[in-house]
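Participant: Sequence:
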Amino acid sequence: MTGQKMENYLIAATASQIAAYATKAARSGAKVYFAAGTTDLYVQWKEGFTVEPNIFIDIAGVSELKKIKETKSSVIIGAGATFTDIINSAVCRKHLELLAEAAKTVGSPLIRNRATIGGNIANSSPAGDSLPALAALDASLILRRGAKRRKLPLSGFFTGPKRNVLTAGEFIESVSAPKNDFNFCRFLKLGSRKALAISKISLAAAMRRHKGAITSISIAAGAVGPTVMRCRRTEEILTGARLDDEAKIALAVKTIAAEILPIDDFRSTAEYRRDAASALLERILADAARLC
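Residues 2 to 293 (the working numbering) are what the sequence shown spells out, left to right.
Because the hints were derived from the structure by calculation, they are not lab data. Just to be clear, a hint being listed does not mean it is correct.
Unchecked claim - Once the Cα atoms are required to be at most 25 Å apart in a straight line, the calculated DSS-like pairs of lysine-lysine come out as:
(1) 73 to 180
(2) 68 to 180
(3) 67 to 163
(4) 95 to 73
(5) 152 to 68
(6) 67 to 95
(7) 149 to 68
With the sequences and hints as input, model every part of the structure.
Facilitator: Spelled out as structure tokens, the structure:
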């Protein structure tokens, strides 16, 4: 089946073949769809989505996109790595613990076995489970079109709900995140049920604690704005604060509710999301203090 062409359906065997197929299709004016785990595409198909007369490129068999490796300063995750791959990766568990924790909350075991990190990012839903963790970890993306690559901070990738900066024929090749010295992390989310639900809100936090004080902290929230959000004002309040400083904790809890940008939709209300953001942050900080 490798390299096989069936009308508008192409099966790629290498990243270079993906690039060649996608570039050729884009030059012809066709819309290109990439599929690996297809967990998001499956939902769209059920709603009547069709790729005809566009180009559908199957990248599930491209082994080089599944690799997870480390350099001296960073971890590089191929876009085709599944969430199960991330959970099982000793490199991710050691250096990107927050992402590994978030990966455990994605769908069911069957979904985690198929869904890829590249697909979760490219889908560009504000509720994507990996996105707050990646944002908190200052991740970057390696985007490829033909033989050319560009590195882009995750924060510069999304332009709105389900929208991003990918150009015609361009695809996510890998995700890169710097190694860090965080010694506590939490990823929490709320949905309509405990599993297999799109998040009403999610919160990712990673911090460095020393003698009961927060020396550095990164916080990001999902499903509370048009794109995933770093909570910079809340981070500023908590940096240098002691975990038993009730006044600072109360101010941070109040601030996060004010700086997110939630809306009312069919899953929840803006008011609920603001209250939930405060409650989740309060829970994370209490856990950090208790386990300090």
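Participant: It remains to establish, for every hint, whether it holds in the given structure.
Facilitator: Hint-by-hint comparison with the structure:
1. This hinted pair checks out: residue 73 and residue 180 have alpha carbons roughly 8 Å apart, not beyond 25 Å.
2. For the proposed pair residue 68 and residue 180, the alpha carbon gap of about 17 Å is at most 25 Å, so the pair holds.
3. Taken as a hint, the residue 67 and residue 163 pair is honoured in the structure, with Cα atoms around 24 Å apart against an allowance of 25 Å.
4. The straight-line distance between the Cα atoms of residue 95 and residue 73 is roughly 14 Å, inside the 25 Å bound, and the hint therefore holds.
5. Proposed proximity of residue 152 and residue 68 is supported: the alpha carbons are some 18 Å apart, at most 25 Å.
6. Taking the CA atoms of residue 67 and residue 95, the gap is about 18 Å. The hint holds against a cut of 25 Å.
7. Distance hint between residue 149 and residue 68 is fulfilled; the C-alpha atoms sit about 20 Å from each other, no more than 25 Å.
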